[in-house]
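S.K.: Sequence:
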Amino acid sequence: MSLINDALLKAERDRTEAAAASAARLDPLTRAKLRREQRKRQSLGPILAKAAVLGVVFALLLVVLVRQRALNERAAPPPSALVARPAPAELATPELSTPSPFAPPAASEPPPPTADADYALAGMSVLGPDTLLSIVRQSDKRSIWVPVGKTVGEITAIRYDPDHDLAVIRVGGRHLTLRMGAASAAE
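With the working numbering, the residue at position 147 of the sequence shown is 147, and numbering never jumps.
In short, the hints are calculated from the structure, not lab data. For clarity, every value in this text was computed on a predicted model and none was experimentally measured. Just to be clear, a hint being listed does not mean it is correct.
[To be verified] Straight line, CA to CA, 25 Å or less: simulated SDA-like cross-link-like pairs of lysine to any residue:
| id | residue 1 | residue 2 |
| --- | --- | --- |
| 1 | K150 | R174 |
| 2 | K33 | A11 |
| 3 | K141 | P129 |
| 4 | K141 | P101 |
| 5 | K150 | M124 |
| 6 | K40 | A59 |
| 7 | K40 | L3 |
| 8 | K50 | L26 |
| 9 | K50 | L62 |
| 10 | K33 | L8 |
| 11 | K150 | D118 |
| 12 | K40 | E12 |
| 13 | K33 | T16 |
| 14 | K10 | Q42 |
| 15 | K33 | L48 |
| 16 | K40 | I4 |
| 17 | K40 | R25 |
| 18 | K33 | A20 |
| 19 | K50 | E37 |
| 20 | K40 | L26 |
| 21 | K150 | L132 |
| 22 | K141 | T156 |
| 23 | K40 | K50 |
| 24 | K40 | T16 |
| 25 | K141 | G128 |
| 26 | K10 | L62 |
| 27 | K10 | A20 |
| 28 | K40 | L29 |
| 29 | K50 | R31 |
| 30 | K40 | A18 |
| 31 | K150 | D165 |
| 32 | K33 | R15 |
| 33 | K150 | S139 |
| 34 | K150 | R137 |
| 35 | K40 | G55 |
| 36 | K141 | R179 |
| 37 | K10 | R31 |
| 38 | K150 | A122 |
| 39 | K33 | L62 |
| 40 | K40 | A20 |
All chains should be modelled from the sequences, with the hints used to inform the complete structure.
M.R.: Printed below as a string of structure tokens:
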């Protein structure tokens, strides 16, 4: 729509210039010079105004950013220099009379079964060199035979202790210790 308006305005301007030129008896070359000078004067003003506005906006932005950086530098706390002192001699080598609760259990006693009621050790079978463990998932009463050292589905049988009837399995990244119990696969 604006292209049509621009074309109409240009045609109107040309008609008025032609009428003025014929009244002033100007030749086409002089008329073209006058038109060029007039357009130059019309376009120079808006360009300078836009450049001035852009310069002011840039200057304000620069002032705001510099001031914000200065405020942030003043607000930052100075780095602290913390130095650890050595522990007193009586605390450096404590005498422990009781075993630590974080120490692993002794090798002679088996690890206690993990309190996870979702899996149970239902049975064990030895077929040649392989030891198979029957693991029952209590949530859906499904039983699966897993060879020790292998993975079947989501269950990995890590080891089996035949002296204490304990199995260590890994399910979903968790290690579980299961004791041989009365697990039933079907009801």
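S.K.: Report the numbers of all earlier hints that the structure fails to satisfy, in ascending order.
M.R.: 3, 4, 6, 8, 25, 26, 29, 39
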